Amino acid sequence: MELYGIFEWIYGLLADTGLPEPWLTFVVYLGLGVVIFGTLSVLALFLVWWERKIAGHIQQRFGPMRTGWHGWYQTIMDAVKLLQKEDIRVTTRDKAVFFWAPVVCFVAAYLAYVVIPFGENLWVADLNVGILYIIAVTTLTVISLLMAGWGSNNKYALLGGMRSAAQVVSYEVPMAVSILTIIVFSGSLSMVDIANSQQGNVIFNWFIFKPPFGIIAFLTYITAATAEANRTPFDIPEAEQELVAGYNVEYSGMKFAMFFLAEFVNLFTVSAIATTLFLGAWHGPLLPSWIWFLLKTFGMVLLLMLFRWTFPRLRVDQLMEFAWKFLVPLTFANLILAGWMKYAGWHW
Amino acid sequence: MGVLKDFFNLVKGMTITGKHLGRHAVTIQYPEQKMEMFERSRGVVVLLSDKETGELNCTMCMLCMRACPTAAIQIDAPRDENKKRVLNSFVIDNTLCCYCGLCEEACNFCAIKMAPLYEFSTWNKDDLVWDVKKLQEMGRDVPYEDTRKKKPAAADKPAAEKKPAAAANPGADAKPAAPEAKPAAPEAKPAAPEAKPAAPTEKPEETKDEAAPSKAEPSDDDKKGDV
Amino acid sequence: MTHDEIKSYIEKTFGDKLTLLDTGRCEPVFEVKLADWHDVARALRDDQTLQFDYLCNLGGTDTGERLEAHCQLASIKKSHRVDLKVVLDSGNPSLASVRDIWPAANWYEREMWELYGINIEGHDNLTRFLLPDDWDQGHPMRKNWDAPDFVRFPEFNA
Amino acid sequence: MSPLRTEEFTINMGPHHPSTHGVCRLILTMDGEKVLKVEPVIGYLHRSIEKICENRTYVQCVPLFDRFEYVTSMSCNMVFSLAVEKLAQIEVPERAEYLRVIMLELNRIASHLLFYGVTAMDIGALTPFLYGLRERELIVDLFEMTCGQRLTYNYIRPGGVSRDIPPEFIPKCREAVKIITEKMSDYEGLLNENPIWKVRNVGIGYLSAEDAIAWGVSGPVARASGVSYDIRKNDPYSIYDRFDFEIPVHHNGDCYDRYLQRLAEIKQSLRIVTQALDGLPEGEIQPKKKINAITFKPPAGEVYARVENSRGELGTYVVSDGTNKPLRVKMRGGSYNQLQALPIMIKDCLIADLVAIFASLDVIMPEVDR
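Residue numbers (the numbering used here), protein chains in the order written: chain A, 1 to 348; chain B, 349 to 575; chain C, 576 to 733; chain D, 734 to 1103.
Everything labelled a hint here was simulated from the structure, so no lab data went into it. A quick note: this is a predicted structure, and the numbers were derived from the prediction, not measured. Treat the hints with care, since some could be wrong.
[Said to hold, decoys possible] The calculated lysine-lysine pairs, modelled on BS3-like cross-linking and capped at a C-alpha distance of 27 angstroms, are:
| hint | chain 1 | residue 1 | chain 2 | residue 2 |
| --- | --- | --- | --- | --- |
| 1 | A | Lys325 | D | Lys1080 |
| 2 | C | Lys652 | D | Lys966 |
| 3 | D | Lys1080 | D | Lys931 |
| 4 | C | Lys587 | C | Lys608 |
| 5 | B | Lys367 | B | Lys353 |
| 6 | D | Lys966 | B | Lys367 |
| 7 | C | Lys652 | C | Lys718 |
| 8 | C | Lys582 | D | Lys916 |
| 9 | C | Lys718 | C | Lys653 |
| 10 | B | Lys360 | D | Lys916 |
[To be verified] Derived, one-sided and incomplete: chain D residues facing chain B with beta-carbon distance under 10 angstroms:
| hint | residue |
| --- | --- |
| 11 | Leu778 |
| 12 | His779 |
| 13 | Asp1011 |
| 14 | Glu1015 |
| 15 | Ile1027 |
Idealized CB from N, CA, C, for every residue including glycine.
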């Protein structure tokens, strides 16, 4: 069943009410915003639970088991608990910065979903600079982390904030360049166009299977995306064993929950982008398009979770070294070669 | 090729974790499922009762109290006019207990045991100070092997019937640990001759050793110590 | 080297600086004279036959009548061991630091200073260590130490 | 243009920090991420066990030694028992010696498995911790089956051991040995050649052999620096001279070698356990004249006993004045010296390296503070 039909039907109902034009668009997009926000928040809660289950099973334990079937609403209860908790504010904080950091983090995490296509005809807006927009807004997260690190007035938090700034700025480059390789293939910056150029029920249309550039771009993207999402082996901003909790060491209650949820929304974002760019977006046989999209995205999420529960953490200077001395040259070489191939007219 | 080798090693690690993803958990869900405790597990200290009569096995010889390295056991059993010990109180402070099991080893009468029980948490610290009733109740269902020397009750049935009080509880004797003082209670005389030869043959040197301090007590320099 | 060889060698080399207190139950034990402690320690390390390069343990003892310092040395290269003992001056217990010989002695000496009140000459960092920073109730490992508000281990009078 | 002015700052790591393994406090002087100076502050776990021992009888001291170095309580029991046996010249029965060796080596394996997990966790890999503990559980079960406790065993006593093993011990123990031998490939596969693991550990926290000896560092840390010294071989106690095992030695003296060293030691310990199980004789487990918990009085004298623990030399100095209570008990643990030597290993290290170094030393705080 295609979800698009439902949205079209609701839009039809709204249009029939005879709302004047600017208001109609406003109401429609407001509604879409609420739907996306709600879906993603639930999804993030689900991802937290899923991560805990997967971690549990990798480590041969159960993970959450108490609340519902296999603890399915454990994270909801956690969220409720966090809502009730006292919001501890250090007296020496920078008040405005401390307050706004989680908000910025939370908002920045959701911004990318404006252009991500969840399925056939299932997107909020098809910007013609879609992928550029995503690169721009996902970087906003780093500002919030820096704000949190600074505003907490805590040495551990500041170290965490500085680490995250250094890390995200470094990994932005290889990530953008590996995305550029895909743009060379597709010839468009629009997410929808990129998705559509992988059409066809044979998986060999997917950009990941454009050897060798596609697979290299995929691997570099995944590496950089893990760093963008602050996950092990690149989770140095919060590095529990070194910086206690890094930038969010002074946060508690709902503010902490916002950071926490944003982290998982980011996880889903990078997986969704990877799906759209490399894994043929929503294209797939038999099942509805949005189910294909979710399946592929969750596959990616699973991969990232496997990273997290297998690998040790890199050190901050090694992380920079890896980005600048290995990933950046590799992605640039990949991009140049791919562009040259394209120019030479070699089709895959 | 170093990069490829590193990549291969990363994938190898992920196959190991991925392999475990499908395996069964080795942990258990605690309150519903419980681990089977080993018979020797040293949990909480309990007082054991005689399997037949239900009386406490304790003879108030104080050996456990003296063996305890943290002074968790407090026994108050003064002698009455017949030089018999009367149990006033037997208190174990579980907040002090360090679960070393020395009391169990010191006891010659299977009276005290570290039972494989572990669920005794409370909200109140005072509830962890157990008196003799609570200790006996906790020890009610604890299985144990009765290695005591044959008591008059078991050895001589008619005698036990005649004088149940003395037979069932030989611990009421003045110096139960000292073999020569065994049949101290004059009423128990008919049963005693059987018990007397049995006692020294079983654990002669140990019993003597254990008994020694109770006589040579004042020489022991139990000076002040801190806990 | 066997125990007997060590005994005879050390007695021969150091002569009157130390005396053998042999219980025959463990490694050879020597009592070193307080004044010669540092020299003997250095010589024991530097002697090519003995080469006691490894400090096992260093600490104080309060026998009730006097304060002693004890020291266990081992040789990694030669695999042998010796025990040393120094009887300290009870009025003003003080011992030369052997930190310059074995850096490992650092914390052991701080501990001696703190818990026994043995002054370590030549140690530059005698500060609170195992005890709280504001501790002012004396040297707790001494036998005559007594502090208020302590729960006593009860005396048993059967 | 004048150079950019930077400022050193002090950061307080611990006593409640996730990677200080208990309550150690490190005062770090840092320049950005770089650690310039580290000053360990100890004493948060000081329970004055040495003083308490002076007021307890010899057998009552054994449970206190359990709490001295709780990860390898068997070694602590062993070292005190050795000291008392030396003092009182007690002959230990053959079976008891074999049981002691089995327990000591099993405990060494358990401790190294814990190290494997904890050090991986400090470097960010969370899963190995659970894998290490999973196999440790097998060993802990064996201990519980034998002596009733999982951590503070109070098993090895002056004169022998407290109880004989139950009949199901030997098959269970053989099975555990087999499982751990199999799982070693998992442990090694997860970390040994992992490029992230190597880059975090190789060349970090270098300690030279000379420094190791001078600072009194012993055990796996010293052997990873190339000091081939193991008390089991060089100053044998109990019956270790009867078994065929090697002392693995690594030479780079960095965190990675300390890690490899411990994995190699697990394998050797498994060998010893197998041999001891094969050679386990029948017989008594306590000497003929049993040691009474209250009245036992060794003759006056002083003795220093030491055993090879999973953290280095574990020693105890016991002075007896002929009464039933020791006059002085001094405990010496390997962690004490290793923590002491921490400041000389931090050359050019970042805060993340400091965590790795601290983990590789396998410091256990009760052993330091006592």
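Evaluated hints:
1. At roughly 24 angstroms between alpha-carbon atoms, lysine 325 (chain A) and lysine 1080 (chain D) fall within 27 angstroms of each other, so this suggested pair holds.
2. Between lysine 652 (chain C) and lysine 966 (chain D) the CA atoms are separated by roughly 13 angstroms; this keeps the pair inside 27 angstroms, and the hint holds.
3. Proposed proximity of lysine 1080 (chain D) and lysine 931 (chain D) is supported: the alpha carbons are some 18 angstroms apart, at most 27 angstroms.
4. At roughly 16 angstroms between alpha-carbon atoms, lysine 587 (chain C) and lysine 608 (chain C) fall within 27 angstroms of each other, so this suggested pair holds.
5. Restraint check for lysine 367 (chain B) and lysine 353 (chain B): satisfied, since their Cα atoms lie roughly 21 angstroms apart, inside the 27 angstroms limit.
6. Only pairs whose Cα atoms come within 27 angstroms are accepted, and lysine 966 (chain D) paired with lysine 367 (chain B) is rejected, the gap being roughly 40 angstroms.
7. Annotation: proposed proximity of lysine 652 (chain C) to lysine 718 (chain C) is violated, straight-line Cα distance about 38 angstroms (limit 27 angstroms).
8. Taking the CA atoms of lysine 582 (chain C) and lysine 916 (chain D), the gap is about 49 angstroms. The hint is violated against a cut of 27 angstroms.
9. Only pairs whose Cα atoms come within 27 angstroms are accepted, and lysine 718 (chain C) paired with lysine 653 (chain C) is rejected, the gap being roughly 37 angstroms.
10. For a cut-off of 27 angstroms, the pair hint linking lysine 360 (chain B) to lysine 916 (chain D) stands: about 15 angstroms separates their Cα positions.
11. Hint status for leucine 778 (chain D) relative to chain B: violated, with the closest Cβ pair at about 16 angstroms, above 10 angstroms.
12. This hint is violated: histidine 779 (chain D) has a C-beta 13 angstroms from the nearest C-beta of chain B, more than the 10 angstroms allowed.
13. Taking 10 angstroms as the C-beta contact cut-off toward chain B, the hint placing aspartate 1011 (chain D) at the interface is violated, the least distance being around 25 angstroms.
14. At about 20 angstroms, the closest approach between the beta carbon of glutamate 1015 (chain D) and any beta carbon in chain B exceeds 10 angstroms, and the interface hint on this residue is violated.
15. A least Cβ separation of about 5 angstroms between isoleucine 1027 (chain D) and chain B falls short of the 10 angstroms threshold, and the interface hint therefore holds.
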